[in-house]
Amino acid sequence: MTTLITIFLVLGLSVLFTAGLRTASGTDLADHITNPQQRPVLGGSDPKMHAWQRFHVRYYTMTLVFVAFEMEMMFMYPWAVVFVEEGPKALAEMGMFLTILSVGILYGWREGIFRWE
Amino acid sequence: MTFAPALTTLILFLAIGIWIAAILDAVFYRRISGQGGVSVLSPFYAAAAHLSRQRLTTEAPDRLNWYLAIAGYLAIATIGLAVVPFGPETAVIGIKTSVVLWGACESLVVVLVFLHGWSPNSPLALIGAYRYVAIGLPIMLLSMFVLIAAALPARSLDLRDIVASQEGLWNIIRQPLGLPLFLLLGLSLTLRGPFDYADSADLAGGTSVEDSGANRAGWQVARLAMLVGFSAIAASTFLGGYLGPILPGIVWLAIKTLILMAVVIGLSHLLARMPVARMLGLIWKFLLPIAFVDLLLAGLVALA
Amino acid sequence: MAKLASQAPVPVFVAQGDDAPAETARLCLNSTLTIVETPRAAAILLVAGTIPASLIPNLHRLHDQLPHPRATVFWQAEPTDLLSEAVTVRNDDNLVSVLTDTRSSLLSGSHGTEADLLPDAPPNEWRGVGSHGQGGKGMMGGTPYGRPMAMTAADFRDGLELDAYTADFGPFLPMFPPGLVLTLTLQGDVIQKVSVVHLPFAGEGNAGAALLRLLGLPALAKRLLRGPSDDADFKRLIRLSGVRAAIPPGLGCAPNGSDVRERFERLTTDPGNPSKVHVDGVGLGDLLIGLEWHEAMLVLNSFDDESLRAICANTSSPELEEKNGDSMDHEGHAGHMS
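Residue numbers (the working numbering), protein chains in the order written: chain F, 1 to 117; chain D, 1 to 304; chain R, 1 to 338.
In case anyone wonders, no lab produced these hints; they're calculated from the structure. Idealized CB from N, CA, C, for every residue including glycine.
List time: in silico BS3-like cross-link candidates among lysine-lysine, alpha-carbon distance up to 27 Å:
#1 R:K193 / F:K48
#2 R:K137 / F:K48
#3 D:K96 / F:K89
Just a sample of chain D residues kept apart from chain F, beta carbon distances all over 12 Å, derived:
#4 Y29
#5 R30
#6 I32
#7 L41
#8 Y45
#9 I173
#10 P180
#11 P245
#12 I250
Using the sequences and the hints given, assemble the complete structure.
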């Protein structure tokens with residue numbers, strides 16, 4: 001419970017700090033932001049369209065391999081705690097698990113998922 | 001330590017850390033470029049200069065997320081620092097699973113940096129945001145492997161136990177591969193040097209290209225806060241945290257944090273950044289296997 | 001607050017024009033200035049050299065992107081009609097003091113901030129248009145909040161249909177050679193199409209420092225600008241930084257076989273004597289299409305000015321032709337464009 005309270009307290013303080021920066025600045029400056037000021041930075045050129053788009057991410061296949069490894073983390077947390085009691089058996093188990101996942105990396109590598117296409 | 005003094009210590013540690021980090025950054029930069037000295041007050045001058053200018057927004061921005069990205073990045077850095085023990089059994093957030101909490105903070109950084117680049121609705125910022133995710137995700141795997149490796153001899157996911165387990169021998173000696181790999185994560189979390197795929201020069205500042213005035217000041221403060229939080233975590237995991245003779249624990253922690261901050265800043269000014277696809281390959285094909293070896297060695301040592 | 005702020009280095013955004021003073025690139029070595037990457041971080045817009053008439057609208061748009069309080073300083077340049085009140089400096093010697101004084105008087109309020117040059121109107125009228133008053137039509141049409149949305153197009157490599165973002169980039173971007181304006185079509189961060197709107201200015205280049213900056217080594221870039229590059233310490237730092245590993249082999253390969261890596265080495269070891277590249281009909285399209293943004297910027301900045309101008313001239317550029325090809329009749333031209 002104290003942990004949650006602390007986390008929310010820190011979050012609240014950070015929000016307040018950021019708000020404080022905003023109020024500390026610009027009080028005697030023009031508050032109104034005009035249309036030409038709002039134009040996105042393109043080095044003097046005028047954008048033709050909004051930047052938000054269905055962005056073509058080149059690494060989406062990589063993220064699938066990443067998800068496999070993140071799931072593996074779920075097993076590693078409890079594994080780390082009992083590792084010393086369980087001894088070599090635990091080491092062998094994690095070794096096998098990582099080997100299987102590494103085959104996934106090798107396969108992905110062959111398929112070119114770490115390239116930008 | 002009771003809660004209120006502990007929280008005050010935390011905030012003081014963070015504030016002084018940010019100030020020193022800003023000076024260190026300027027000192028390294030000027031030293032390498034061959035320029036003169038730095039005033040110890042320069043971070044305050046820079047902050048005042050930022051705050052003296054108007055805070056601009058763009059056409060149809062995501063105002064809420066712009067705000068939350070900056071405040072959240074600062075909050076995540078502070079929570080990271082809060083799990084660090086300042087002395088035996090004292091941490092602001094003292095839980096049995098503090099490594100898991102820090103892991104969650106690491107992954108939220110990717111979300112917040114992305115939001116910071118997303119929210120202005122500006123092309124250069126958007127490219128920085130998407131590109132950062134490609135590197136921010138896999139670099140987290142390295143850090144989780146080395147943190148798990150550090151948890152093995154402690155038989156616990158509690159950072160306090162991990163520090164206590166280094167009473168005889170620091171992890172930097174017991175697991176020599178751990179700290180270098182973890183420092184790479186630090187470069188990525190603080191958007192620095194070779195891992196600065198979000199705020200880099202080829203995008204004229206990337207996710208922060210549209211930040212002016214208070215937003216720019218807030219984002220820079222949050223980046224430095226993350227450097228302090230990260231360095232304190234690294235000092236506790238690999239350099240024995242508060243352990244040390246004669247001086248009080250918190251002083252030792254501060255000294256070790258300072259050293260790691262200097263190392264991260266030095267690396268960020270001295271290492272070249274490669275194109276993002278090349279870095280992606282490097283992480284998966286080269287650095288990740290090294291992290292496996294680190295885990296294996298740590299396991300064998302813990303069983304020996 | 002103003003007192004503290006005036007102790008900080010003066011944040012200057014440099015808009016470089018034609019025949020900009022040779023000292024422009026070395027302004028960043030002055031510790032009382034910071035040369036910033038974006039107009040959003042600047043208090044002073046420094047116009048160095050003549051801005052050609054065709055780029056004056058770009059300068060005005062750039063000017064309006066600076067946050068208040070802001071001022072413009074023209075250095076060896078004629079102020080534009082809209083900025084006739086701005087400070088002008090002819091003599092090199094007092095530029096830095098003029099910049100510091102202007103910033104101080106901006107902060108104290110004795111020099112009023114400059115108003116917008118462009119009318120305060122949205123790029124397209126959108127308020128109250130459409131079913132929700134957001135300016136849109138249907139799912140994607142119209143101009144929501146003043147601009148259209150990006151539309152799908154096939155990726156040239158795999159035909160995947162996602163949004164293609166087209167815009168003009170430049171001429172005042174810190175990672176572009178000064179004067180260069182490109183129309184780029186991007187899918188994600190990969191360049192799909194490129195055409196030249198304005199050629200880069202001729203002049204002595206600082207490609208070595210620009211490349212170091214792009215590689216995330218701004219401190220070393222300053223060191224290179226500072227002077228004698230036969231400094232062994234500098235060479236060692238460059239080698240240790242892993243630049244060779246950071247530049248992919250074969251990137252931006254010219255017909256004579258020189259790639260970015262080779263040109264970079266030439267530029268940093270012997271900046272006074274850049275290698276002339278045999279351009280041989282190579283256009284920007286051959287070099288940039290299919291490259292990711294960071295790689296494309298490395299390629300753009302790895303050439304000497306003369307070669308880059310030749311490469312840009314080789315690039316098919318409807319807008320440049322439109323300006324030059326006055327004899328072409330309008331209908332024929334429209335057919336050519338499509």
